[in-house]
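Engineer: Read off the chains here:
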Amino acid sequence: ILNVEQSPQSLHVQEGDSTNFTCSFPSSNFYALHWYRWETAKSPEALFVMTLNGDEKKKGRISATLNTKEGYSYLYIKGSQPEDSATYLCAFQGAGGTSYGKLTFGQGTILTVHP
Amino acid sequence: ETGVTQTPRHLVMGMTNKKSLKCEQHLGHNAMYWYKQSAKKPLELMFVYNFKEQTENNSVPSRFSPECPNSSHLFLHLHTLQPEDSALYLCASSQVAGYSNQPQHFGDGTRLSIL
Chain A
1 ILNVEQSPQS LHVQEGDSTN FTCSFPSSNF YALHWYRWET AKSPEALFVM
51 TLNGDEKKKG RISATLNTKE GYSYLYIKGS QPEDSATYLC AFQGAGGTSY
101 GKLTFGQGTI LTVHP
Chain G
116 ETGVTQTPRH LVMGMTNKKS LKCEQHLGHN AMYWYKQSAK KPLELMFVYN
166 FKEQTENNSV PSRFSPECPN SSHLFLHLHT LQPEDSALYL CASSQVAGYS
216 NQPQHFGDGT RLSIL
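One line per chain: the protein sequences are A and G, in this order. Numbered continuously in this note's numbering, the first sequence closes out at residue 115. Numbered continuously in this note's numbering, the second sequence closes out at residue 230.
Chain A extracted, bound-state conformation (with noise of 0.2 Å):
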């Protein structure tokens, strides 16, 4: 069984803060890296797929890093605005064995932003 966890599992910011939280995942048959972004009564909406060690990705104010070898990715939002309120998945993307291709998901951090 992959065990994929988020921490914290709820963070509360205010607007302007900068944040961050983390996913671990298995360091081995690692294929790649995904975070979502799921606003309520919406759909999840991919942010980043990630497959290199060491990679950075950046979009807007949210960046995310990775680390294979000792599995852990960050996330990163700078300045949080209101709208940046939602649960933020990480699943992982499995190499081989009975993980190929599937997505496995942790179970989410939820981040609300106060005005």
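If you're looking for bench data, these hints aren't it; they were derived computationally from the structure. Some hints could be false.
[Claimed, not checked] Not close to chain A: a few residues of chain G, all C-beta gaps over 10 Å, as computed:
no. : residue
1   : His-141
2   : Gly-143
3   : Lys-155
4   : Leu-158
5   : Pro-176
6   : Ser-177
7   : Phe-190
8   : Glu-199
9   : Asn-216
[Unchecked claim] A few chain A residues facing chain G, derived, Cβ under 7 Å:
no. : residue
10  : Asn-29
11  : Ala-32
12  : Ser-43
13  : Pro-44
14  : Ala-46
15  : Lys-102
16  : Phe-105
17  : Gly-106
18  : Gln-107
19  : Ile-110
[Unchecked claim] In silico DMTMM-like pairs for lysine to aspartate or glutamate, Cα to Cα no more than 20 Å straight-line:
no. : chain 1 : residue 1 : chain 2 : residue 2
20  : A       : Lys-42    : G       : Asp-223
21  : G       : Lys-156   : A       : Glu-5
22  : G       : Lys-156   : A       : Glu-39
23  : G       : Lys-134   : G       : Asp-200
24  : A       : Lys-42    : G       : Glu-182
25  : G       : Lys-155   : A       : Glu-39
Ideal Cβ positions, reconstructed from N, Cα and C, are used throughout, including at glycine.
Assemble the complex: chain A is given as a structure, and chain G must be docked to it using the hints.
Structural biologist: Only chain G this time, still in chain A's reference frame:
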């Protein structure tokens, strides 16, 4: 506007009913997925179809029966469900299943309640 459309958005059914969930994608993708999200649990993969062929059944009970008549449409036929099957069912699509670093695109989901 999402390229993946799910109907219905909400469904209430008795344990002896038969109903179907529908998913349609307008993205030209070749892979489609069913996921289940139960309360306080991560998104859980149920089925994968790649070029209309089922490539993954994640130990799903036979009371859930998927159907993929073409690459744009995916159904989930429901029969004799249990109260624990009450959950949000999400459909997703991607370019191909397996070793691809492309993100998945999700629908808004069907909220299913079993009486």
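Engineer: Taking the earlier hints as the rules, which of them does this structure contradict?
Structural biologist: 3, 4, 9, 10, 19 and 24
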